[in-house]
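*Asks:* Residue-level listing of the chains:
2 protein chains.
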Amino acid sequence: MTTINLNQIGKDSKEASRLFGVASTQAKNAFLHALARSLGDKKEAILVANSKDLRLAKEKGLSGALLDRLSLQNRLEEIIKDVLHVEELPDPVGEIFETRVLPNGLKLAKHRTPLGVLGVIYEARPNVTVDITSLALKTGNAVILRGGSETLNTNTLLVQIIQQTLEQSDLPPNAVQLIASPDRSYVQEMVKMDRYIDMLIPRGGTALQEYCKMNSTIPVITGGVGICHLYLDEEVDLEAALPVIFNAKVQRPAACNALDTLLVHEKIASKAIPKVIEKLQTAGVEFHLDPTALKLAANNANCIPAKDADWDTEWLSLSLGIKVVSEMKTALHHIAEHSMSHSDGILTSNKEHAKQFVAGVDSACVYVNASTRFTDGGQFGLGAEVAVTTQKLHARGPMGLKELTTYKWVIEGEYHVRS
Amino acid sequence: MTTINLNQIGKDSKEASRLFGVASTQAKNAFLHALARSLGDKKEAILVANSKDLRLAKEKGLSGALLDRLSLQNRLEEIIKDVLHVEELPDPVGEIFETRVLPNGLKLAKHRTPLGVLGVIYEARPNVTVDITSLALKTGNAVILRGGSETLNTNTLLVQIIQQTLEQSDLPPNAVQLIASPDRSYVQEMVKMDRYIDMLIPRGGTALQEYCKMNSTIPVITGGVGICHLYLDEEVDLEAALPVIFNAKVQRPAACNALDTLLVHEKIASKAIPKVIEKLQTAGVEFHLDPTALKLAANNANCIPAKDADWDTEWLSLSLGIKVVSEMKTALHHIAEHSMSHSDGILTSNKEHAKQFVAGVDSACVYVNASTRFTDGGQFGLGAEVAVTTQKLHARGPMGLKELTTYKWVIEGEYHVRS
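Protein chains in written order, with this note's numbering: chain L, 1 to 419; chain P, 1001 to 1419.
Derived from the structure by calculation, the hints contain no laboratory data. Quick caveat, the model's predicted, so the values are computed rather than measured. Any given hint could be a false lead.
Ranges between beta-carbon positions, derived for each pair [claimed, not checked]:
| # | chain 1 | residue 1 | chain 2 | residue 2 | range |
| --- | --- | --- | --- | --- | --- |
| 1 | L | H85 | P | D1068 | 41 to 51 Å |
| 2 | L | Q8 | P | G1094 | 17 to 27 Å |
| 3 | L | Q188 | P | R1195 | 18 to 28 Å |
| 4 | L | N350 | P | T1025 | 22 to 32 Å |
| 5 | L | R37 | P | F1097 | 51 to 61 Å |
| 6 | L | S317 | P | R1195 | 18 to 28 Å |
| 7 | L | Q188 | P | E1337 | 25 to 35 Å |
| 8 | L | R195 | P | P1305 | 43 to 53 Å |
| 9 | P | F1097 | L | L238 | 31 to 41 Å |
| 10 | P | G1094 | L | K275 | 48 to 58 Å |
| 11 | L | R37 | P | E1239 | 54 to 64 Å |
| 12 | P | S1185 | L | T99 | 45 to 55 Å |
Subject to a maximum C-alpha distance of 20 Å in a straight line, what follows is the list of computed EDC-like cross-link-like pairs (lysine to aspartate or glutamate) [stated by the list, open to error]:
| # | chain 1 | residue 1 | chain 2 | residue 2 |
| --- | --- | --- | --- | --- |
| 13 | L | K110 | L | E123 |
| 14 | P | K1355 | L | E44 |
| 15 | L | K355 | P | E1278 |
| 16 | P | K1107 | L | E352 |
Derived coverage of chain L by chain P (criterion: at least 3 residues anywhere in the stretch with Cβ under 8 Å from a Cβ of chain P; other residues may be distant) [what the hints assert, rightly or not]:
| # | stretch |
| --- | --- |
| 17 | 123 to 130 |
| 18 | 353 to 360 |
| 19 | 402 to 412 |
Idealized CB from N, CA, C, for every residue including glycine.
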C-alpha cells in the first residue's frame, strides 16, 4: 500500500479552498450541473465499482443493514437529483449583513464567506461522498473526505469523477480529496490537522462522534444522536395526541429524532397509558414502564419493567420508555437529566403549560404538539441537511448551507485612526 | 492544601445554569446593580487582598508588567463602572428570530438562549474575574473561573463577594465558581469537562491558547493573537495613509490588533518607504526590511534586514516589517501565508483595488483605509468585548454579548405528524 501524505492533502486543500472560495455562484452552479451529468454518464462504471465493494463486504460477512447502506444500485438517480437540487438552492456566500455606520463614520458590515476546508469522516454510505461534496462546494468550501473502508472502490471512482468535473469546469480539482485507505491511523492524523481543516464533521455513530470530540484539535460538529422525549400534559386532546406519539415512535424508529421516552402526567396516566399501548402495540412496539405505568398496563405482554439505564437509552428500534410524573417540573427535570438536547416536546391544550415547557427545556428542537420526527433540514425548509447537531456552538439542530459558512467583518474608512 | 472536586463544581455549575438561564432580564440587571454596590462597599478589603497578591508577586520577583496587570489599586472604580455599563446593555436572551410558518402549518422560530456554562482560564488580571462574570451572567450563563495563581487572594475575595450578592439577589450562588488553587493539574482536568462546560475561553498568550486547542474536549474560543498587515496600494493618498500606518503600529504596540507588517506596492515604494520610516522612527520604531525596501532606507540606523521568521512574528512591540511587492496578488499571497486571520487592511484610493483586496483576504476583520487598531468590541459598537477570535466557527473577530448565547428551535403544531 502506498503511503498517503496527509500534510500534502491538507496543504493542497487549503490552497484549493482559497481559489474555490472566490468562485462565483454561476461557476459553482455550472459545476454542480456538470457533476450531475458526469455521474449520469458514468452510471455503469459507478455501479460496477459499487458491486465490487458489495461483493467484498459480503465476503467479510457484513450485516444486511450495512450492505443496504453500502449499495448504490437503486439510489444513483436520487443522488443525481439531489445534486441538481443543491444547484437550485440560493448561495449564502457573499451575503452582506449587519451593515452599520459608526458615529465616527467607519462603515461596518459582515460578509458571509466559506469556512475554508471541511473534514468529513463517515461510514458505509457512499451517497455521502456526493452529498457532502455538493453542499461543501456550493458554499465555496474545499473538503477532505474519509469514507468507510467498505466503500473504497465506490468512493475512489466517485471522487475521480468529481475531480475530473472540477477540472473541466476550470475549478481546482483539489477542492475535493479522498483519503483513499482503510488504514485507521489516517483518521488519527486527520483529526489533528487543525492547521488545514476548519471544521470536522463526523457522520456516524456515538463511538465516532466521541472519538472526534476527545481527540480532535479541529472544531467538531457532533450530533445525530438523540434521546427524545414527549411529555403528555394533564390537559391535552388525547385523541389528537395519540397519532403524534405513534408517528414519533413508529415512522422511522432507527432515526435520531424518533421518540425514546414518553412522560405522562399522573392525572391523565390511567386514561392515556392503556390507549398509548393499545395504539402503538399494533406496530410491534415494546414498552419499558416505570412502576406506576406498569400497574396501568394490565399485564400486557408487550410491557416490561423499565431498568434505570433505559432512560438513558437511544432505542433506535421499536421500544418505548413510559414514565408517570406528578407534575411538569418532574418532567422537565427528567428531560434535563436524560435528554441529549436533540428533540423534546410537549403535547398539551394549555398554552401556559406549553410556554413553561418551551422555557424549561434546553434542547436543539423543542416541540409543542408536533412529532419529534420533524427535526430535519429538509422538513424545516432549509433545502438541505448537512447534519443535526446537539452541541451549542456555531449551529444547533438541523444545519443547512448557511451553517457551512462564516463571516468576515469588513471595515471601510476614510483613513480613520483610533484615538 | 484541600483537594478541589472539579466534578462537583461542574455539576453545581450546570444546575445553577439551569436556574440562572431562565432568570428575567430584570433580575439579572438587579444583580449587576447590587454587585456594583457590593464591590464599592468592600473596596478596602479588595485592595487589601490585592496588596497581599502584589507583595507575594514582588517576593517571587515577577516582572513590572505583570505587577501592573495584577494591581487593582487604580482600577477598581473603572471595573465597577463597567459592571453598571453591562447592566445597561440590551439582554440578547429571549430574542425570537427567523420565525416562519411552513407550508404544512408548522410554526418555526429560533429562541435565543444562554450557552450554559462557560469555562474561563486567564492569567494575572483580576479585573477579568468581574468583567467576565458580568458578561456571562447578563447572558444567563454560569461560569467556572480559573484565574492565575498570582491573583488568588484577590480572586477568592471577588468571587466571595459575587456569590454573596447572587445569594442576596435570590439567584444561585454557584452560577460563579472559582477553582481556587494554583495547582496546574486542575487546568488539565478542567479542559476535559465537556460534560459540564459548554464553551472554553482561554484569555492569555499563545501557549495557553495552544494548550487548550490541543487538549480540550470542550469547544474552545481561541484568538487574541494576530499578525496584522497593511497593504499600501500603488494608488493611494500617501499623506493620508501615513497617520493610519503610524496609528496602527504605534498607538498600542502590545495589542493583538497592532500592525506587524507593511506591504508596499513597488510603484510607490521609493516614495513611500522613506516617508514611513521618517514618520514612525519619531516614535522609536525599529524596521525589519526586505532587500528591496532596505535599499530605499538609505542606511537608516533604525533599519535592519528582515529574517524569514520576521514575517511570522507578532511583534507586540515597536518593530515593523516592511516588504515590497510587485502586485496586489503578491500581497494577498503573503497575507494568506503569514496572517493569523486577525486584522488586515488595504490603503488605497482605488475602489476596485479595495474590492479585490476585501474579496481576497480571509481574515476576521478586513480594513479599507482604516487602522487595524479598531478591531475591538467597544470600537465596533458591540457594547462589550468577551474576546477577539481568530477561529471561524460560532463567532469571528470581536465577540459581544450575543456571542455568549445560542438558540433553540421552537416548533409549534396542531398535533402535526410527519408523513
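*Asks:* If you check the beta carbons of S317 of chain L and R1195 of chain P, does the distance land in 18 to 28 Å?
*Replies:* 26 Å, holds
*Asks:* F1097 of chain P and L238 of chain L, beta-carbon distance inside 31 to 41 Å?
*Replies:* The hint (31 to 41 Å, Cβ to Cβ) holds, given that F1097 of chain P and L238 of chain L are roughly 34 Å apart.
*Asks:* Do S1185 of chain P and T99 of chain L keep their Cβ atoms within the hinted range of 45 to 55 Å?
*Replies:* 48 Å, holds
*Asks:* Okay, H85 of chain L versus D1068 of chain P on CB: inside 41 to 51 Å?
*Replies:* Given about 59 Å between the Cβ atoms, the range is violated.
*Asks:* Q8 of chain L and G1094 of chain P, beta-carbon distance inside 17 to 27 Å?
*Replies:* 49 Å, violated
*Asks:* Quick one, are K1355 of chain P and E44 of chain L close enough, alpha carbons at most 20 Å?
*Replies:* 46 Å, violated
*Asks:* Just to be careful, I want the Cα atoms of K110 of chain L and E123 of chain L compared with a cutoff of 20 Å; is the pair within it?
*Replies:* 36 Å, violated
*Asks:* Hint says 25 to 35 Å; check whether the CB-CB distance for Q188 of chain L and E1337 of chain P agrees.
*Replies:* 27 Å, holds
*Asks:* Range first: 51 to 61 Å. Now tell me if the beta carbons of R37 of chain L and F1097 of chain P are that far apart.
*Replies:* Between R37 of chain L and F1097 of chain P, where Cβ atoms are some 39 Å apart, the hint is violated.
*Asks:* Does 48 to 58 Å hold as the CB distance between G1094 of chain P and K275 of chain L, or does it fail?
*Replies:* 37 Å, violated
*Asks:* Establish whether the coverage given for the stretch 123 to 130 of chain L by chain P is satisfied; the threshold is a Cβ-Cβ distance below 8 Å, and no fewer than three residues must meet it.
*Replies:* With 0 residues in contact (Cβ-Cβ under 8 Å with chain P), the coverage given for the stretch 123 to 130 of chain L is violated.
*Asks:* For a C-alpha distance cap of 20 Å, please report whether K1107 of chain P and E352 of chain L respect it.
*Replies:* 17 Å, holds
Against the hints set out earlier in the document, violations occur for numbers 1, 2, 5, 8, 10, 13, 14, 15, 17.
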